[in-house]
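Student: Sequence:
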Amino acid sequence: MDTFDLSEFLGVFIDEVDEQLDIIDQEILVLEQEGESPEVIQRLFRAAHTLKGSSATMGFEDMTKLTHEMEHLLDHVRNGRLSVTHDLINLLFKCLDELKQLKEEIVSGQDPRTDITPLIEEVENFSIQKQPEQEEEKASGEAYSLEIQGHIDSYRGQGLNIYKLSIQISAECEMKSVRAFLIKNQLESSGADIIQTSPDFENPDNQETDYEEVQFLIATQQSQSEISDLVKMMTDVDEVAVEDLGQQAAEKETAVAAEVETVEKAQEPAEEDKKAKGKEVHSSPKAEPQKPKEKKPAKGRQASQTIRVDVERLEHLMNLVGELVIDQTRISQVSGLLHNRYTEDDTVDDLVQVSDHVARVIGELQESVMKVRMLPIGQLFSRFPRMVRDLAQTLDKDIDLVIEGQETELDRTVIEKIGDPLIHLIRNAVDHGLESKEDRAKTNKPPKGVLRITASHEENQVVITVGDDGAGIDPEKMKKSAMKKGVITAEEAEKLTDDEAAYLIFRPGFSTAKEVSDVSGRGVGMDIVRSHIESLNGIIELDTKLGQGTSFKIKLPLTLAIITGLIIRLADRTFILPMSNVVEIVRIHPDTIQTIKGKSIVVVREQVLPVVWLHDLLQIPRGASENRQLPVVIVGVGEKKIALIVDELQGNQEIVVKSLGKYVGKINGISGATILGDGRVELILEVAGINRMINNV
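In the UniProt record's numbering, the protein residues as written are 1 to 697.
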């Protein structure tokens, strides 16, 4: 066999493995819910088959062997020799977890440490023990024949054509094995499913084949002539023969259908007897003879128009666009100044027009690059169904998980960073929020609890909600726990509203859990969740009703790279406030500021708000404030609002966020820096950090 270096394809292989593992994860859950659905089983089989082929090509034998055993298991289900049971689903998930572990070992480059032999034996034993005795007596050759026939029957049931291709590769071809793989890829790209190959070049032990002639058994929507022309177009192909196996399969299907009908008639009295005794029968839909399907023009699978791009290239492109945004702001300012100074100069008018046009083009470029960085949040949400299922089993709870808005797009950086906080919220909801079946029955609730995860766009933000219909948060219990832990005093507890008491859950070290849980830990992580979200310039809101449930709403910016900022002046210094944190801008007279117990407050629209001179926090001298209206920026931090007094508001503009770098480190109240249009470097304020500074004063 020709040898060639496959290491350069490792990144593509890992991407494909991730994609197929996600499919397997989702489809196992669907299989558990829907039972023996031929479409679901086929999608599972195809994903396992793709993994087997890819891993064999790359030489990862353990992954190849395990996916091969999964294929056998799924094939037994597809052909009716195994039923979809709780044990089968758990075994499939066990295989999936092992595949994920094998992938992690490949990514890390470490020597394989996972021993798959016990799991393979478990899969083999499961297949043998669960099959009817007559299946065990069949010779291995006949069983293999039935397996292939099962594939053919399944594909024909979907209206696909079954062809056997015999392809002669040119003797002058120097890398026949590569040509064979390219032919296989071309067939799959056209929409064909590969049922079998000869020689079996997916078998890593098959190293001595010369590949002068290869055969494929395929299922496709395309005609014989279309498949033949497709292969003939490829170089180094001498001859192509396409044999239609459809007629043979049709005869086999007719015989099987007749046998199934006979068996079903014999079973009908038994089912009626069960119903008469009050037992509900959960039977699969009866197989009806397939009507001849009208042949439709072959569409095939549309050729992929996507390419894989290194993330670092996207980051570099985003940085360049950011520099363009900065330069364009400067150009707009300069052209505006020139236009005001030379009002009758046509050249200056031309400059202004060109500047406006460049601004529009850069705006479109920025939007396009932003879209390239966007990913559907469903890629993150797809982790949760399996997690909720396993947690529900561990806690013996019945939970209906509802996910909405999976198509909502969010910057990939935000998606990567929001995963852990969401997992914590979900685990808390399952463990502490949703009651047991017994407790739900006592309050006349349905035994099945509902956990709802949604995502949607709201102006320039993405809103993610995690809600349950559980017991809700008891405000009195929260107050007692907070006083016991010394978080608040009894006097403070009396003044708290129910909503304010619920928000105590975000205090560091706070928990109402009676005992440590393996599911959600010690319940002390909600302050970490909040801090994590605030570090993304987001906010988290809480809505709870005792006995009805709890909902956490997370609001995040679409991207962290370019944001809209409010430019403020303090004395001779300029700072930027993220507009995502700005609730309202007002002007107040100094006389309206009151002092209660040493704290300054102001009443705005019947709301009592704490007032803070931003100058004092940042150690900048205050300006003269007598007899003039003070500009006040009201910012939101979760449920809390703060009135920040500044000297001047200088407008808002889009800014490129630059990190301070490791040599500066983390500065409380500062999230980064930016370059304004006039070339000045200014700091971006972090509202959550400012709130922490206020609490520490």
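The set of hints was computed from the structure by calculation and includes no laboratory data. Heads up, a few of these hints could be off.
To be verified - Here are the simulated SDA-like pairs of lysine to any residue, each with C-alpha atoms no more than 20 Å apart in a straight line:
no. : residue 1 : residue 2
1   : 100       : 119
2   : 477       : 490
3   : 495       : 673
4   : 477       : 495
5   : 597       : 492
6   : 94        : 122
7   : 662       : 650
8   : 176       : 59
9   : 176       : 196
10  : 164       : 213
11  : 641       : 506
12  : 103       : 12
13  : 555       : 409
14  : 662       : 415
15  : 94        : 213
16  : 65        : 111
17  : 417       : 463
18  : 448       : 546
19  : 371       : 383
20  : 417       : 383
21  : 640       : 613
22  : 184       : 233
23  : 495       : 372
24  : 658       : 640
25  : 597       : 506
26  : 437       : 400
27  : 640       : 600
28  : 448       : 398
Student: Look at each hint and say if it fits the structure.
Tutor: Here's how the hints hold up against the structure:
1. Taking the CA atoms of residue 100 and residue 119, the gap is near 14 Å; set against the 20 Å cutoff, the hint holds.
2. Taken as a hint, the residue 477 and residue 490 pair is honoured in the structure, with Cα atoms around 13 Å apart against an allowance of 20 Å.
3. Pair hint residue 495 plus residue 673 does not hold up; C-alpha atoms about 40 Å apart against a cutoff of 20 Å.
4. A distance of roughly 15 Å separates the Cα atoms of residue 477 and residue 495; the hinted pair therefore holds under the 20 Å criterion.
5. Only pairs whose Cα atoms come within 20 Å are accepted, and residue 597 paired with residue 492 is accepted, the gap being roughly 13 Å.
6. With a CA separation close to 10 Å, the supplied pair residue 94 and residue 122 stays within the 20 Å bound.
7. For the proposed pair residue 662 and residue 650, the alpha carbon gap of about 30 Å is over 20 Å, so the pair is violated.
8. With a C-alpha separation of about 18 Å, the suggested pairing of residue 176 with residue 59 holds against the 20 Å cut-off.
9. Distance hint between residue 176 and residue 196 is fulfilled; the C-alpha atoms sit about 19 Å from each other, no more than 20 Å.
10. Proposed proximity of residue 164 and residue 213 is supported: the alpha carbons are some 13 Å apart, at most 20 Å.
11. Distance check on the hinted pair: residue 641 and residue 506 sit about 16 Å apart at the alpha-carbon level, within 20 Å; holds.
12. For the hint pairing residue 103 with residue 12, the CA-to-CA distance comes to about 13 Å; that is within 20 Å, so the pair holds.
13. Between residue 555 and residue 409, the direct Cα distance comes to roughly 14 Å. Compliance with the 20 Å bound is thereby established for this hinted pair.
14. Distance restraint check for residue 662 and residue 415: the Cα-Cα separation of roughly 23 Å exceeds the 20 Å cut-off, and the hinted pair is therefore not satisfied.
15. Annotation: proposed proximity of residue 94 to residue 213 is violated, straight-line Cα distance about 39 Å (limit 20 Å).
16. For the hint pairing residue 65 with residue 111, the CA-to-CA distance comes to about 17 Å; that is within 20 Å, so the pair holds.
17. For the hint linking residue 417 to residue 463, the alpha-carbon distance of about 15 Å falls within 20 Å, and the restraint holds.
18. Restraint check: the Cα-Cα separation between residue 448 and residue 546 comes to about 18 Å, which is no more than 20 Å; the hinted pair holds.
19. Distance restraint check for residue 371 and residue 383: the Cα-Cα separation of roughly 23 Å exceeds the 20 Å cut-off, and the hinted pair is therefore not satisfied.
20. Proposed proximity of residue 417 and residue 383 is supported: the alpha carbons are some 14 Å apart, at most 20 Å.
21. Simply put, residue 640 and residue 613 have alpha-carbon atoms about 17 Å apart, close enough for the 20 Å limit, and the pair holds.
22. A threshold of 20 Å between alpha carbons decides the hint, and for residue 184 with residue 233 the separation of about 14 Å falls inside it, so the pair holds.
23. Only pairs whose Cα atoms come within 20 Å are accepted, and residue 495 paired with residue 372 is rejected, the gap being roughly 50 Å.
24. With a C-alpha separation of about 27 Å, the suggested pairing of residue 658 with residue 640 is violated against the 20 Å cut-off.
25. With a C-alpha separation of about 25 Å, the suggested pair residue 597 and residue 506 falls outside the 20 Å cut-off, and the hint is violated.
26. Taken as a hint, the residue 437 and residue 400 pair is honoured in the structure, with Cα atoms around 13 Å apart against an allowance of 20 Å.
27. Restraint check for residue 640 and residue 600: the C-alpha separation of about 15 Å stays at or below 20 Å, so the hint holds.
28. Restraint check for residue 448 and residue 398: the C-alpha separation of about 5 Å stays at or below 20 Å, so the hint holds.
Violated hints, in rising order: 3, 7, 14, 15, 19, 23, 24, 25; the structure is consistent with all others.
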